[in-house]
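Peer 1: Residues per chain, in single letters:
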Amino acid sequence: MLKHLLKKAKRFTGRGSCGERSRTISRDINARVSSGVLTPEDLKSRLTAKRHRLALIFSAFVGIASAMLPLHVDAQKTERSKALATKLMCMCGCGQILRECNHINCPSSAPMLKELDQHVASGEADDLIVQDFVQQYGEKVLSAPPSTGFNSIAWYIPGVAFALGLGIVLVIIRMWRQRDVNRLASASAAPVPAATPASEVRSVQLERARQQADKETED
Amino acid sequence: MDLFGSYALLLAFALAIYAIAGGIAAVITRRPLLIKSARNAGFAVCALIWLGFASLVYLFFTNNYAMAYVAEHSNRNLPALYKFSAVWSGQEGSLLFWSFLLSIYVFSALFAYRGKHPELMPYVGVVLASVQLFFLTLNNFVASPFKVLALPGVGGVLHLASQTDGHGLNPLLQYPEMVIHPPVLYSGYTGFTIPFAFAMAALIGRYPGEKWIHLTRKWTMIAWCFQSAGILLGAHWAYAVLGWGGYWAWDPVENASLMPWLTGTAFLHSVMMQEKRGMMRVWNVWLVFTTFLLVIFGTFLTRSGVVSSVHAFAQSSIGTWFVGFLIIIISACLIAFLKNRDYLRSDNQLDSMISRESSFLFNNLILLVACVAVLSGTLFPVLSEAIRGTKISVGPPFFNRVNIPIAMFLLFLTGVGPLLAWRKTSMESLRRNFGWPLAGGVATAVVALAFGLREFYVTLCLMLSGFVTFTVFSEFFRGARVISARTGSNLFSSAAQLTMRNTRRYGGYVIHFGMVLVFIGISGQAFNQDKQMDMAPGSVMAIGPYTLHLQNFDSDQQPNYSSERATIDVDKGGKSVMMLYPQRRFYPSNEESGTMVAISSTLKEDLYVVYAGRSPDSGVPVIHAYLNPLVKWIWLGGLVVVLGTILALLPNRQAVMVLSPATEGSPVSSGDGMQPARASISARSQLPKDNA
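Protein chains in written order, with the working numbering: chain A, 279 to 497; chain B, 13 to 704.
FYI, nobody ran anything at the bench for these hints, they're computed from the structure.
Hints may contain errors.
Covered stretches of chain B, as calculated for chain A (at least 3 residues, CB under 8 Å) [to be verified]:
1. 257-264
2. 378-389
3. 409-420
Virtual Cβ for every residue (Gly too), placed ideally from N, Cα, C.
Take the sequences, apply the hints, and build the full model.
Peer 2: Pasting the structure below:
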């Protein structure tokens with residue numbers, strides 16, 4: 279009887295039968311039983327109480343876990359719904375995306391959000407859900423034009439504008455540079471007026487340079 | 013009295029025609045009396061428009077419901093402040109308000125330059141009067157706010173009628189900010205008419221030199237400042253009133269206000285190249301033209317109903333008039349340009365790719381690409397409908413995806429531009445100038461990453477914000493250190509002296525810093541949270557660090573509206589930190605509802621609570637709470653931008669230039685290639701002097 283109880287005690291401590299700790303516990307129990315401090319009945323009742331406590335903890339854990347599981351799924355569903363609702367427009371004409379439409383008494387956003395939640399709850403893929411809305415409301419329901427077909431033009435325009443602009447800027451820079459070369463060439467080819475004293479030319483050039491420096495540094 | 017305003021506007025219309033005809037005759041004949049007469053006609057047009065506007069305000073304040081426009085947009089119980097803002101709440105009144113603000117600019121320009129620039133001003137007067145004539149045509153014949161109320165009687169004959177009370181003002185407009193947002197934004201829109209008029213006049217009249225640029229720079233800055241403030245006030249209004257937790261929805265009307273701002277910003281930068289180097293003349297003239305065209309185009313978008321928007325006025329046939337006007341302006345611009353393009357030849361050339369000039373070129377390119385992206389996104393639904401017969405939506409996901417990279421590049425250039433010298437930047441100068449700003453940017457990114465930020469664009473934005481901030485402060489620091497070394501004053505007072513000596517340059521840096529704050533604020537959007545719950549009294553909602561306890565909800569009756577209000581106790585860390593009272597109002601005069609959002613704003617985040625109404629299922633209040641990080645930075649940034657612009661508009665206090673020998677290795681800002689020489693100017697004997 280005692281051996282059987284000790285086995286149970288070991289099992290409940292969860293440390294197996296060969297660990298140092300379980301041996302210590304066994305020795306301790308044996309000592310207490312042999313010294314009369316702990317009767318086999320006491321030990322049995324204590325083990326039963328412990329078993330009940332563990333069962334309670336286990337059921338609480340299972341309860342919490344089972345409660346958390348649907349919560350987790352629900353939260354994930356909501357996040358998905360939120361993400362999908364940013365891809366769709368509210369169809370009441372307010373021009374807001376579905377997720378942000380707070381238009382008071384809006385006839386569209388509440389039913390659309392409800393429908394979206396139902397799609398998400400049924401486990402449909404995002405693309406299918408969006409496609410379903412497009413079939414129902416037309417392409418206007420998408421908050422951004424798809425990047426295919428005619429609508430892809432909307433996506434290309436900024437890039438093309440940048441490329442064109444960059445091209446123009448580079449052409450302008452090239453023209454300016456070319457002008458610089460031409461100017462230098464014509465300046466070197468031009469005859470220097472013999473009548474003008476060199477000092478006068480220098481002072482005029484210096485004055486121009488001063489004026490330019492003033493202009494450029496006044497900010 | 014009812015029709016006094018109508019007569020005043022009619023007379024203004026006739027005089028505007030005279031101002032144009034007289035101005036053209038004055039340009040041709042060069043007779044001084046004719047020039048003066050045309051100018052005086054311009055003054056008279058402005059005065060008559062003011063009388064017309066004052067008359068409409070009077071009709072609102074005297075509750076004259078015999079007038080259709082007053083009856084439609086006001087009611088007896090409307091508070092006085094909103095009676096004033098109701099004047100521009102509808103199509104007709106807002107167009108008259110436009111004319112009114114334009115007339116203030118026109119009067120100021122004609123008055124400021126009376127007797128000056130005789131070669132230029134007659135042309136300017138003609139262009140300004142032409143723009144006024146277009147709006148006066150609308151005010152008189154297309155959308156008059158002075159129509160009397162009439163009802164059909166026996167046999168369909170119309171009889172004059174009067175109501176005892178009006179329909180009231182749209183609830184969305186019954187908010188203090190709506191009293192100032194439209195005037196500020198319209199002041200921006202209308203203000204761009206002045207640089208347009210000067211550019212057109214200089215081009216047609218082949219006005220020599222860059223004088224017109226100097227004359228219009230301040231006008232452009234004033235218009236730009238109003239436009240910036242107007243856009244941000246509009247964003248704040250949308251945030252505080254519309255109750256969707258955001259401030260910018262890429263709505264067509266918002267886009268319409270952003271586009272001229274973008275081209276105006278490009279002009280304010282590239283104009284420096286024309287002033288200093290005589291470059292970019294064609295570009296600048298076209299930037300001014302484009303900005304004005306976008307102003308008119310934006311007005312067309314808002315008022316024609318061609319694109320759907322919550323902000324737009326009711327659909328009307330007025331769009332045709334704007335299209336006609338746009339065609340006339342484009343034609344006039346093209347003809348003037350083609351006839352006089354040789355006048356716009358540049359004087360100078362680009363000396364180096366690594367220079368202030370090239371940074372301005374790229375800055376302009378990026379701003380223009382942003383404008384094209386916004387314009388194409390705004391008009392794409394119309395294009396799609398016209399070509400495929402299918403209307404599509406282009407909403408925030410498109411605009412954010414396209415514009416965020418552009419904005420990042422622009423922020424990068426904001427930091428780079430001031431560090432480059434005019435003409436050419438040496439490698440040594442590059443190393444010296446970029447060291448601290450680059451280190452600052454990298455350090456900011458490292459701190460952001462250490463705090464767990466993993467969003468690519470947010471981290472990039474913060475890194476570039478750090479870079480620009482260090483650029484701005486290093487510019488102030490290096491200049492102030494030189495003055496401090498020479499005068500013995502402390503760094504702060506030296507920085508103040510430095511700023512006041514060159515208000516335009518350092519005001520510009522303050523504006524850059526303001527834009528950094530705006531960018532940081534916008535980056536917070538990546539971390540927005542929101543939660544919606546049906547909350548009975550006693551219910552609790554947790555969002556971020558806050559716990560919201562709904563204590564009760566009650567109703568209230570005011571003369572102009574009835575309201576339902578939730579009382580919410582907000583806890584943070586177990587302590588009650590504030591009470592919030594979000595409301596939902598019902599306005600019986602026009603049978604419309606509106607929300608009054610409760611916002612608790614800190615530098616870290618905004619707790620934004622909306623009473624969204626009662627749940628149809630349970631009848632209990634539906635509370636929608638948002639936690640929006642860093643929003644306050646946007647408004648603070650806007651304030652800094654405005655202050656920077658005011659600073660840049662102030663005249664310089666110029667130092668008397670007493671040259672002393674330059675010290676070796678003088679550590680002066682060399683964002684400007686010529687700066688070391690300027691550093692040697694003694695600042696000891698300084699005399700305040702206006703340098704307007």
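Peer 1: Among all the numbered hints in the text so far, which are the ones the structure does not match?
Peer 2: none
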